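Quick note: the sequence shown uses UniProt numbering, first residue 1, plus one each step.
Each hint should be verified, as a subset may be incorrect.
Stated by the list, open to error - For each label pair, taking beta carbons as the anchor points, the in silico distance ranges come out as:
| no. | residue 1 | residue 2 | range |
| --- | --- | --- | --- |
| 1 | Gly-46 | Leu-66 | 16 to 24 Å |
| 2 | Glu-80 | Ile-36 | 17 to 25 Å |
| 3 | Gly-79 | Glu-50 | 13 to 21 Å |
| 4 | Lys-96 | Gly-52 | 19 to 27 Å |
Quick caveat, the hints were computed from the structure, so don't treat them as lab data.
Bear in mind that the values here come from a model prediction, so they are computed numbers and not experimental data.
We put the beta carbon where it would ideally sit given N, CA and C, even for glycine.
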Amino acid sequence: MKLKPLNDRVVVKRLEEEERTAGGIIIPDTAKEKPIQGEIIAVGSGKLMEDGTRRPLDVKEGDRVLFSKYAGTDVKVEGEELLIMREDDILAIIEK
């Protein structure tokens, strides 16, 4: 199934956090927090401005991004957990 977000929304797949700390301590599943970075899977057509034009989004499919911990709405599509959020909820693009 292809998921196409509307307007200035994006679909993000969370990236898994490391299971070990820098010191080598293994973190159990119950102590892990939700990851705050992910990969953009799909983007909407852009934000509709007051004058009727569309402003294209700054992110594109494949970008790795940081977002706030409680941003967006969790959805499950074909067994895969995804996050739908507005572009405003994205804090930064991670450049390689």
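Hints and how they fare:
1. Gly-46 to Leu-66: 16 to 24 Å: 21 Å, holds
2. Glu-80 to Ile-36: 17 to 25 Å: 19 Å, holds
3. Gly-79 to Glu-50: 13 to 21 Å: 40 Å, violated
4. Lys-96 to Gly-52: 19 to 27 Å: With a Cβ separation near 37 Å, Lys-96 and Gly-52 fall outside 19 to 27 Å, so the hint is violated.
Hint check: violations occur at hints 3 and 4; the rest are consistent with the structure.
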